[in-house]
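For this one, chain R is given, so just place chains X, P and A with the ligands on it according to the hints.
For the protein sequence lines, the chains are R, X, P and A, in the order given. Quick note on this note's numbering: the first sequence kicks off at 29 and runs consecutively. Quick note on this note's numbering: the second sequence kicks off at 29 and runs consecutively. Quick note on this note's numbering: the third sequence kicks off at -17 and runs consecutively. Quick note on this note's numbering: the fourth sequence kicks off at -17 and runs consecutively.
Note that these hints are calculated values from the structure, not bench results. Ideal placement from N, C-alpha and C gives every residue a C-beta, glycine not left out. Don't take each hint at face value.
Interface residues of chain A toward chain X, partial, derived using beta-carbon atoms under 10 angstroms [stated by the list, open to error]: (1) N95; (2) L258; (3) A305; (4) P310; (5) A319.
Straight-line C-alpha distance at most 35 angstroms; calculated DSBU-like pairs for lysine-lysine [stated by the list, open to error]: (6) X:K63 / A:K190; (7) A:K190 / A:K61; (8) R:K284 / P:K263; (9) R:K63 / P:K190; (10) X:K284 / A:K190; (11) X:K318 / X:K293; (12) R:K293 / R:K63; (13) P:K61 / R:K284; (14) P:K263 / A:K263; (15) A:K61 / X:K284; (16) X:K326 / X:K63; (17) X:K318 / X:K284.
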Amino acid sequence: MVEIPDRETCLDLLSRMSLIRRFEEEAGRQYQRAKAGGFLHLAIGEEATIVGTTSAMRDDDYLIGTYRTHGHALARGTSADAVMAEIFGREGGTSGGRGGSMHIFDLERRFMGGYGIVGGNLPLAAGLALASQYRDEDTVTVCMFGDGATNTGNFGETMNMAALWGLPVVFLVENNLYGMGTAIDRHSAVTDLSRKAEGYGIAGERIDGMDVLAVRERVAAHIDIARNEGRPTLVEAFTYRYRGHSAADPEVYREKEEVEEWREKDPLVTFAARCEDEGVLTPEDVEKIKAEADETVKAAVEFADASPEPSLESLYDELYVVSETMGWYAVDERSPEPHRGEYGEDAPALAKELAESGAAHAEDEQEEQSRPGVRS
Amino acid sequence: MVEIPDRETCLDLLSRMSLIRRFEEEAGRQYQRAKAGGFLHLAIGEEATIVGTTSAMRDDDYLIGTYRTHGHALARGTSADAVMAEIFGREGGTSGGRGGSMHIFDLERRFMGGYGIVGGNLPLAAGLALASQYRDEDTVTVCMFGDGATNTGNFGETMNMAALWGLPVVFLVENNLYGMGTAIDRHSAVTDLSRKAEGYGIAGERIDGMDVLAVRERVAAHIDIARNEGRPTLVEAFTYRYRGHSAADPEVYREKEEVEEWREKDPLVTFAARCEDEGVLTPEDVEKIKAEADETVKAAVEFADASPEPSLESLYDELYVVSETMGWYAVDERSPEPHRGEYGEDAPALAKELAESGAAHAEDEQEEQSRPGVRS
Amino acid sequence: MTPQKTAQTEEETEAKVNDDSTESKDGEVPVLRMREALRDAMAEEMRRDEDVFVMGEDVGVFQGAFKVTEGLLDEFGEKRVRDTPISENSIVGTGVGAAMAGLRPIVELMTVNFSLLAFDQIINHAAAIPYMFNGHVRVPMVIRMPGGGGHQLGPTHSHSFEALFLQIPGLLVACPSTPADGKALLKAAIRDENPVIFIEHESLYGIKGEVPEGERVQRFGEAAIRREGTDVTIVGVLKMAHVAEKAAEILEAEHGISAEVIDPRTLRPLDLDTILESVRKTNRAVVVEEGWPHGGVGANLSTLITEQAFDYLDAPIQRVTGADVPMPYSKRLEQAAIPHEENVVEAVLATTEGAFGNRKDRS
Amino acid sequence: MTPQKTAQTEEETEAKVNDDSTESKDGEVPVLRMREALRDAMAEEMRRDEDVFVMGEDVGVFQGAFKVTEGLLDEFGEKRVRDTPISENSIVGTGVGAAMAGLRPIVELMTVNFSLLAFDQIINHAAAIPYMFNGHVRVPMVIRMPGGGGHQLGPTHSHSFEALFLQIPGLLVACPSTPADGKALLKAAIRDENPVIFIEHESLYGIKGEVPEGERVQRFGEAAIRREGTDVTIVGVLKMAHVAEKAAEILEAEHGISAEVIDPRTLRPLDLDTILESVRKTNRAVVVEEGWPHGGVGANLSTLITEQAFDYLDAPIQRVTGADVPMPYSKRLEQAAIPHEENVVEAVLATTEGAFGNRKDRS
Ligand SMILES: Cc1ncc(C[n+]2csc(CCOP(=O)(O)OP(=O)(O)O)c2C)c(N)n1
Ligand SMILES: Cc1ncc(C[n+]2csc(CCOP(=O)(O)OP(=O)(O)O)c2C)c(N)n1
Ligand SMILES: [Mg+2]
Ligand SMILES: [Mg+2]
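In isolation and in its complexed conformation, chain R is listed as follows (with noise of 0.2 angstroms):
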């Protein structure tokens, strides 16, 4: 078992792990109300894999991830109140409400993005990881996935081309067992997702996912050998997601004890315990942890709520830049008669009809699923 760290780690990786907790829950809380749309992906129970990673890496590090990447902003430092804000799909969100979700942003602490297609983040990690090489810095990339995206072609030609390059790439799978409905002895042949990549030339290694301290040290090691010795490797950290894959998710794919069994590894009871037996935080630590995470999380509400829809007037705003040595970009202007909705929340009834009626879940005998949502 890796050692405890001092009391100000402790108080870091709790309360970030903390956060991530709250935010996800009232996310979830806040979709059900319907002031989120599309489609919701919680990262609760894999919070210390989030956690583990960030706290090893540099604030210069890269990080990029999937649509399960609420947690991964936070985790960086990115506010809670803009997180939120994306995901209501408002002017203060991430991404000025225009990603949701899925594709949360944050350049300034270097997290590059969440990203709705599996396995698409790959190849884009061994490109931020081949800047850094190529101008001689040393900064790491660290790219996240799920066990799903190592079945993707991506992940095969990524993988090769990171280790003939030799970029200082951390690969992460968030090995939660499940690509949505499909369990992983189902969707990969081979289920110890380390070796996977050994045909590709990157050494991997599986570590407990559920413990935030085994993954700050074993990344932290894998990040060294990108740093320091230019070569990308492979981390499985084994996790496990305990709501459904998204927000509407009636998991027949999946037994009740299972789950039941991998809440006893709650990865904040198990590190609180943990802190709290050996003595580096005291209970009420803890408590104030919780207490400021709440905190944080309903001002976040707060703020989201009462941050502006964007104007309709930026619809085309940030398509392209316009430079002044290149000609004019806005394709629709010289396009005739672009006759289309100007609606906004007064959208006409029959697309509202439409829109809701169409939603997977919108069966309208199920009264009491209050908001309709699609599945994956």
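Relative to chain R, chains X, P and A with the ligands alone:
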């Protein structure tokens, strides 16, 4: 060393290899005479890998390959006439001149195609094997591709699916040490390609692709695994192409000495020598085989030359099957004024001019090269 | 959906799947949701033909990301309802290979957005193979995929790719807008010898409609006239067929304009005749689509109509399209980027400008 | 090309690459082939900006499948001229990531045909990222790729995908037809902050043309009038710009018809104004492209022109397109599937039917 088989078998193996060799040489010559267009990828040097493999297959097994597969079709028994005519783009070709050199096809002999897209044939092979499994047939699919193809996304995706589903397929890498002009250690982090699918649960073996008997024996063993254990494997045949990647390759990426070294392992010469040494074949046998190959190839050129160009009226044939219960498909029919060429050989001057000037090697200063060609 | 509820639903489904006449009483036409109609089409064809099977991400145990394959695993088992890894290009490629060997795969891509990863297998393989090998082999497969915006799925998850697929010779492209068409077109697609891109709309899965029972197979290349009219022809695709109908109602009620609404149902082949006949009568046309304006379905249709019926047109054809941006997540921006019936009405008024005045009292 | 010859060529190239004024004598404008012009654009920009680098299959040691990157490895070394494995989606994705970190990658896809494997990174990543992240990050990269038919490369290797790419908001699309434009547009593309799809034509690599030296940077969205005329406007893209010019000569010589020929040079943005101005003058238009007829460049242009200049059109716009088939290998069939100047002449005669008679003697 594998024990030498009976005289019949040796005659058969050597005949097929000789036919391929002679065919390829002649195809190259005809290409220089502009009888063929497009790209021409010759397999000279790789005959043992091809013939060793096909000789281990049953007639009802499926074979699928790349754009370098004149020889594969010939080895399966497709007539040299039809392959040559396809290369000439004539009606008598395997696909009536539609596919050309890169896209040879012979359903009857279960040669399921050459494919121009690197890695594109891997999932197709999985699908063929799935069909065997689905129908409880004990047919096996052999899928051949180059070292460069192991870097494609399809490689990882398909290995995983084949292993996961226990598909009866043998993946066979024709490792000729180069993907076009890129040496294997410059394109693949792991150069022991037989190991490359271990991470996907597929065991591999490297074999001597220059020794037809070794190939035959080992591929037979792998086919056996696929057929009787329902398990895919990966075979890496170590081989070499003596010619350039395609007909117009200046080969700046390798040393003449390297080519010379490999020429000493010439699969035809070494096998013929061994057959003679061990007294299975006489020098006259070998001469006769060569003479027959010469004959066959000569006849093939004559056949191809005599075979008519496809008629202009056939341009839209076979694009769709129009079934009784279905609507019409000839989209062009209803598209007004599809003004385009109906000129064929008599293509107007500019088109010809452009086509010629555009070819990568149609540098007018390079008179020694009698025909324009493109490199890849 | 709660777990308890799910169990229930599965039982109900089971019943439906096993006996598709249960809902028909006293000669009444059963009313189904789009997803049920599509599921029934697959189930019926799978019962009819052993070679038909379904393959895709989460189509089995999970019952489909949008529940379209619900119940199929239970009835047909793992061999014929195959969950796959997340490997879009190879899933499609495996389907192509299986089809070449004579099976009839229905490949589900979880959404059109992920089809981008399979474009090589779709275009360079599925579409090209029959022609390239001179008809010696066929690729009888269906690639189903839902798309479209309206759910705040953001820039990577809201595409409308009808206009990409309709370009490709060798493919057929279907885009049903009603449960009845969904079922009948999918049955046709499964029986067809050609590779079919079958585009569904995520927002239409829940709509209900009468679905005649049994063997109705809808020929490709036959448009449906959703509403007859005399003043203007509105062509709408997928969800936009509904938006067009709604617009027609408004036009009738508020402007006295009689609009004919046409749903092409398949974009390749395209039933241009039906559209032309209508335009020759109305002399005006509006095309409504959810996709991007450049090179879209509307651009194609507008060109085809203008070429064939130039002399009949009293005004240039109007297009109503999605905005020329990746779909923003924000609800307000997303709604602004998607066409609504008001936009269609505007477009119709633009094309009929001054021609009819407010003819509300006319009829 | 023989090995000996190659060595020689490399030396020559070296000279050119290192001093691009060598060919200019006495104020004469140097004449270069398209591939040389493109190579010079890259070399000059790489000299100017350390962040510019080239990456792709066989761009280094092999000197490029079509020799476009010839000499670059020698001058700039392996760090900046990077041979890659055959991994199209990840090559593009790596470029996107590097661009997000501030580098300026030029990614070469060996041909457009293989871009199908990279559509996800191109559309869901390169094009979407700047908008999706609200401009907080940019993707300043160029994706170069040659395409087109005419070399008997068959059904998987002869695509024209201009019409696919022009649909996508977030991308810029260039398609140069002359060496001068090739160089100036590529320089612009490299300096641009937006992701650029840079489509070259395999048949144009060998054409020669005057290429003004130095810093000429061609703004995107400015069409070129290749030939002035009064009776009909012909718009041609890539190789078809040349076919259009040739057709104009025939029209002048044999039919007394004065055709204005326009090369849009970029399809996104599109300089519709220049085209409209011409059409308002000529009242007739023909669009020539090599791609498929449905949803093509021509369909898009025809619609845009008709919408904006309906009242100026004396006849429906004619399109000349490639045939609606995967490109057959057979030379005869391939030539039949590709537009030639005669087809353009026919189309022009159709659109001017009876209007001018044979005006050969008129001017
Ligand atoms: C390329 C692609 N295919 C399919 C999807 C739909 N999808 C979203 S998440 C998901 C499962 C991913 O599983 P995993 O990689 O294990 O990540 P997790 O959700 O468990 O964190 C799928 C199939 C997608 N977003 N992208
Ligand atoms: C997807 C794709 N990318 C690039 C190419 C261009 N290309 C044709 S052959 C080739 C090299 C392939 O090397 P390898 O797989 O080793 O096969 P070999 O030619 O050596 O038999 C390349 C890059 C292609 N045909 N398909
Ligand atoms: Mg997972
Ligand atoms: Mg090779």
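Hint check:
For N95 of chain A, the interface hint holds, the least distance from its beta-carbon to any beta-carbon of chain X being 7 angstroms, beneath 10 angstroms. Look at L258 of chain A: its Cβ only gets to about 22 angstroms from chain X, farther than 10 angstroms, so that hint breaks. Against a cut-off of 10 angstroms between C-beta atoms, the interface hint on A305 of chain A holds, since the closest Cβ of chain X lies about 6 angstroms away. The beta carbon of P310 of chain A is positioned within 10 angstroms of a beta carbon in chain X (closest approach about 5 angstroms), and the interface hint is therefore held.
Of the supplied interface hints, the one on A319 of chain A holds, with its beta-carbon coming within about 7 angstroms of a beta-carbon of chain X, less than 10 angstroms. Simply put, K63 of chain X and K190 of chain A have alpha-carbon atoms about 27 angstroms apart, close enough for the 35 angstroms limit, and the pair holds. Distance check on the hinted pair: K190 of chain A and K61 of chain A sit about 31 angstroms apart at the alpha-carbon level, within 35 angstroms; holds. The suggested pairing of K284 of chain R with K263 of chain P is violated, with an alpha-carbon distance near 63 angstroms, which exceeds 35 angstroms.
Our distance criterion of 35 angstroms between C-alpha atoms is met by K63 of chain R and K190 of chain P, whose separation comes to about 27 angstroms. Straight-line distance between C-alpha atoms of K284 of chain X and K190 of chain A comes to about 34 angstroms, which keeps the hinted pair within the 35 angstroms bound. With a C-alpha separation of about 19 angstroms, the suggested pair K318 of chain X and K293 of chain X falls inside the 35 angstroms cut-off, and the hint holds. Restraint check for K293 of chain R and K63 of chain R: satisfied, since their Cα atoms lie roughly 31 angstroms apart, inside the 35 angstroms limit.
Between K61 of chain P and K284 of chain R the alpha-carbon distance is near 27 angstroms, which keeps this suggested pair within the 35 angstroms criterion. About 31 angstroms separates the Cα atoms of K263 of chain P and K263 of chain A, which keeps this hinted pair within 35 angstroms; it holds. Under the criterion of a C-alpha separation no larger than 35 angstroms, the hint pairing K61 of chain A with K284 of chain X is consistent with the structure, at around 27 angstroms. For the hint pairing K326 of chain X with K63 of chain X, the CA-to-CA distance comes to about 14 angstroms; that is within 35 angstroms, so the pair holds.
For the suggested pair K318 of chain X and K284 of chain X, the alpha carbons sit about 27 angstroms apart, so the restraint of at most 35 angstroms is met.
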